[in-house]
Amino acid sequence: MPKIIACYKWVADEADIRIDADLSVDLSKAKGKISEYDRNAIEAAVQAAAAMGGQAVGLTFGTTKARQSLKDALSRGLEEAIYINTEEANEADGAATARALAAAIRKTEDVSLVICAEGASDTYQRQTAPRLGALLDLPVITSVTKMEISGNTLTAVRKLEDCLQTVKAQLPAVVAVLPEINGAPIPGLKAVLAAGKKPVTEFSSTDLGVDLKPKSQVTECKGYIMNRKNIILSEGDTADKVKALAAALRKEGVL
Amino acid sequence: MAGIYIYSESKDLAAELVGFARGTGKPAILLTLDEKTAEELKNSGADKIILITGSSELIENYARTIADLLVKEGAELLAVGATARGRDLAARIAGYLDCAMASDVTAARFADGKLTTTRMLYGGAVQQSEALAGLSVITIPAGKFEPVNGETPVETIELAADNRVSLVETAPIVKQGADLVAAEKVVCVGMGMDKAEDMKIAQDLADAIGAVIACTRGIAEERHWLPVEQYIGISGAVIKPKLYISMGVSGQVQHVFGIRDAQIIVAVDTNEKAPVFKAADYGIVGDMYEVIPALTEALKK
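First to last, the sequence lines map onto chains A and B. Letter by letter, the first sequence follows residues 7 to 261 of the numbering used here. Letter by letter, the second sequence follows residues 4 to 304 of the numbering used here.
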């Protein structure tokens, strides 16, 4: 049965990031989540599997923390999951991530389509799908807003800055989908309960026989504070606040 | 020729990347797939323009042969304009080379033979610098570097294309809303708005000050009150108006990423703890259904 692989990343929720006074970044209180854009990639894989009579499989590369993602991912309609579990994921850059994912895909039989989101909500590098295509020597289609599979032919609409481009390729292929491609429904209770019983294949980097050393080294990481005036009118009645704001905007010369 | 290789299908962005390369003191070599672009860039100050000819009109299909060319020429860096096509091409070449890549960098500088880049993480909450050693790839968004001048010779080379992805057709994007990126004033609606009919209060304000209507991702993708082209954020439009006024926008980092270059940011929301106020120059804590119509009246005068 053809397999459709959805790659996803377990990321820290950016809403919980704390920036300390010295601009250091505190992620210790941040809860994890499946990167939002990846939820659309998972849904696209589930829909493609239904259309092709195939099986949708989730694939994630992360540390032990990413184990929490499996049940959530599997409740979204995937039939099984592959989990590359290694602490090296902490230091991984785009090159190492693509090498890890490509190695796991090579170990999986009968893969006809690999679906990624354009980027992860933490790093948003937008490298994974094109890099995977290069490493696996498969055709790549990015910025996909719509796709159709007929037999072995994938036809996709790409949304570029200046046009909509319709392209086609023979499977197997790698695609990167835009979040607007589908609605990524919230899983129901039944799907959540069933998720725990679905199979998970776990790999270490040794199992994959792949070098996960990054090609780039992080030299600095600090919080970014926008320098804004922060004049917030919270007291008084609406008329006074509006009057003060209108006067300020006239003074700024932006009207 | 060793040096910095450059590609962007946008001629303005390609010219800015030449400006970046010249600023490093290294030779700048421009790649293009289009004779017209080669002609338009012949005074861009690059050391050489390489006009690629081959069997595909999709630049992405030359990723492997461009990667081979970079290695053969001893290139130090590939700098690509951060557009949809450019990011795809750049990451595919990085994949073939299995080399370091930094996407959408806000700064890039060479020191001691190493390139250090800076970029945003977590939708702009965090800024990270990375050192890239050896032949590397970066993408750079528009507006970060100034173009330069200088006559540039053109050389034509033929490269093999990977034609496994073929173009069926190209259609212009039918813009359903007004052009956000070019707008001087933007009025933005967030999930704090109760129902689609209430968009009228935003429209009235926009009409009064000559602004374009925009929204958050949820309004476009979950509620479908505006087309997806109208949402602002890291995966949507990134704008730089003189004035941005939001109503009922909580201010998630992904959204704020899209407005960080606005000259003046104004926020109206009931929740005084909403993160949008930290990103705002001016804010009113209050009910948008009272504040916005009053503001519309005040600004009409």
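I should point out that these hints are in silico values taken from the structure, not numbers from a laboratory. From a predicted model like this one, the values you see are computed outputs, not experimental measurements. Wrong hints could be hidden among the right ones.
As the list claims (entries may be wrong) - Using C-beta positions, here's what the derived DEER-type ranges look like:
| no. | chain 1 | residue 1 | chain 2 | residue 2 | range |
| --- | --- | --- | --- | --- | --- |
| 1 | A | Gln-61 | B | Pro-296 | 53 to 61 Å |
| 2 | B | Asp-115 | A | Glu-167 | 51 to 59 Å |
| 3 | A | Lys-152 | B | Ala-136 | 38 to 46 Å |
| 4 | B | Ala-174 | A | Asn-236 | 51 to 59 Å |
| 5 | B | Thr-273 | A | Gln-61 | 45 to 53 Å |
| 6 | A | Leu-195 | B | Lys-29 | 32 to 40 Å |
| 7 | B | Glu-76 | A | Ile-25 | 41 to 49 Å |
| 8 | B | Gly-221 | A | Leu-195 | 44 to 52 Å |
| 9 | A | Lys-196 | B | Gly-213 | 21 to 29 Å |
Unchecked claim - Listed below are several chain A residues computed to face chain B (Cβ distance under 7 Å; list not exhaustive):
| no. | residue |
| --- | --- |
| 10 | Glu-20 |
| 11 | Ala-140 |
| 12 | Ser-149 |
| 13 | Leu-166 |
| 14 | Lys-204 |
| 15 | Val-206 |
| 16 | Phe-209 |
| 17 | Ser-210 |
| 18 | Leu-214 |
| 19 | Val-224 |
| 20 | Thr-225 |
| 21 | Glu-226 |
| 22 | Met-232 |
| 23 | Ala-252 |
From the three backbone atoms N, C-alpha and C, an ideal C-beta is built for every residue, glycine too.
In rising order, the numbers of the hints this structure does not comply with: Hints 2, 4, 6, 8, 9, 14, 15, 16, 17 and 18 not satisfied by this model.
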